Every structure is written in C-alpha cells, then in structure tokens.
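Let the hints inform the model, and build the full structure from the sequences given.
Protein chains in written order, with the numbering used here: chain A, 1 to 83; chain B, 1 to 150.
Note that these hints are calculated values from the structure, not bench results. You may find that some hints are simply not true.
What the hints assert, rightly or not - Output of the computed footprint for chain B on chain A, the stretches with three or more beta carbons under 8 Å from beta carbons of chain B:
no. : stretch
1   : 5 to 13
2   : 16 to 25
3   : 38 to 44
4   : 55 to 67
Unchecked claim - With a straight-line cut-off of 20 Å between C-alpha atoms, the simulated DMTMM-like cross-links for lysine to aspartate or glutamate are:
no. : chain 1 : residue 1 : chain 2 : residue 2
5   : B       : K106      : A       : E78
6   : B       : K46       : B       : D70
7   : B       : K97       : A       : D50
8   : B       : K28       : A       : D67
9   : B       : K46       : B       : D67
10  : B       : K85       : B       : D67
11  : B       : K101      : B       : E32
12  : B       : K85       : A       : D67
13  : B       : K138      : A       : E9
14  : B       : K123      : B       : E140
15  : B       : K28       : B       : E102
16  : B       : K97       : A       : D67
17  : B       : K28       : A       : E9
18  : B       : K97       : B       : E140
19  : B       : K106      : B       : D70
20  : B       : K49       : B       : D67
21  : B       : K123      : A       : D67
22  : B       : K101      : A       : D50
23  : B       : K106      : A       : D58
24  : B       : K28       : A       : D58
25  : B       : K101      : B       : D67
26  : B       : K138      : B       : E127
27  : B       : K138      : B       : E32
28  : A       : K71       : A       : E9
29  : B       : K28       : A       : E65
30  : B       : K46       : B       : D65
31  : B       : K128      : A       : E65
32  : B       : K85       : B       : D70
33  : B       : K28       : B       : E140
34  : B       : K85       : A       : E9
35  : B       : K101      : A       : E9
36  : B       : K106      : B       : D94
37  : B       : K106      : B       : E32
38  : B       : K106      : B       : E139
39  : B       : K97       : B       : D70
40  : B       : K46       : B       : D94
All of these numbers come straight from a predicted model, not from anything done at the bench. Each residue gets a CB set at the ideal place from its N, CA and C atoms; glycine is no exception.
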Amino acid sequence: MLVQRAIEEAGIPTIIIAALPPVVRQNGTPRCTAPIVPMGANVGEPNNPDMQRNILRDTLTQLVEIDTPGKIVSLPYEYTARV
Amino acid sequence: MDLTVVKGLQSEVYVPITPPPVWAPITKPLNEMVIALVTAAGVHLKSDKRFNLSGDTTYRIIPNDTDSHDLMVSHGGYDNSDVNKDINCMFPIDRLKELAKEGFIKGIALSHIGFMGGGGDVKAFVEKTGPEIANILKEEGVDGVVMTGG
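Written out as structure tokens, the structure reads:
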C-alpha cells in the first residue's frame, strides 16, 4: 500500500487485489478488490485460468468504476487453500 | 446529559491512523489504457537476485515478454506453495496478456515490477522505493496499475 500510494501520488491510477482487505483499508488504499482468497493466491486458485482471468477482469473494471478513495469492492470468487 | 466526567483525557492505547486519501483520476476508458502489474509478492526472474527474506526494499524489473515459467518468488511473509505451482495466482501476467489480446485493455507496459512487501523499512518504501517505481511507470507511459499484495 505504501508503494501503491506512491504510484497514485505520481498521477497513475492504481488498484490492488487484496486477500486482507482490513489491512489494505488501514493503510490508505485508493482502490481495492477483495476476492475470497488466502494470502498468496490473491488472483485466485493456482492453475485455474478462468477464475484468475475473471478476478483480473473485474479488478480492471473497478479501476475505472470506483469513484471514491478507499473503496473496497468484494468479488464473488472463492478459493480455499488446502494446507 | 453530559457524559464527560473528566475533561482532556487521552487514550493510552495506541490506535491505528489511516493516512489521508490519495487519488489519481481516470482519464480514459479501459480499452485505451496501457496497464502494468506491480506486486508486493516478491516476484522476480529466476535469473535475478533473490530478495533478502529478512527485509528488502529493492525491486526487480520484470519485462513483459518474459515467459511466466521463468519467474519465481522469494518472500518470507506468506505461504509460497500456491504461487510456486502457478505464478499467475499472485502475478497474473498470462491473464493480462489474454485480456490485452481480446481488446479489453489497449496494451501492456514493457516492464512490470516486483518487490517484497509486507513491512520492513517503511521510511525507505515511502521515500525511495515507491517514488522510484512510480518514476519507471511514468517514463513508460503507463495509464493504470494493477497491484497484488495485502
């Protein structure tokens, strides 16, 4: 989020795909999407290109649609890592 | 009713403070935007120097024409087992190429950037690493950035 804020301050719009949205909120993200994923698989299940593509596509859509700094949009994709 | 019994008391418990908002407005539609990936997940080329797992504020350039099988992760702050199976679950370079091919975005930046986030030397990230990464993206004419981390 520190780096995200630096890029945003330089004038480039950013969005972060986060597994831990409360942490991202606390650190002052401008834009964020939050699928239901564990840390380490923020863009979805490994070797599941459909899920990954949908998370990335929805995130890009939110990059241009979010109109309020700090907004976090939940995404309806779920992956649970088996550990 | 006045609920204040003693005036001027302050909490001794530290409470987190959210920094003021930052905001760069969108100026064009997605299909006219060049997009770059920036990840805090410790992604870099296998041929590149690994991050120091006990703390590292440096970053690595990842050329867009890199084969995703030539990428790896060094990051001490999360379970690497998913990203070791498929780098795209933290660094969706193959998915971004597919979206560019179908015209969902205009194009992809020549370079992406990986660093090892999750704490460490906050001052260095704010004052040096962050602005340096932003500068690279500016020079490459990037219109928007998708990040992973947190």
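List in ascending order the numbers of the hints, as given earlier, that are violated by the structure. Those not satisfied are hints 5, 12, 14, 16, 19, 21, 31, 34, 35.
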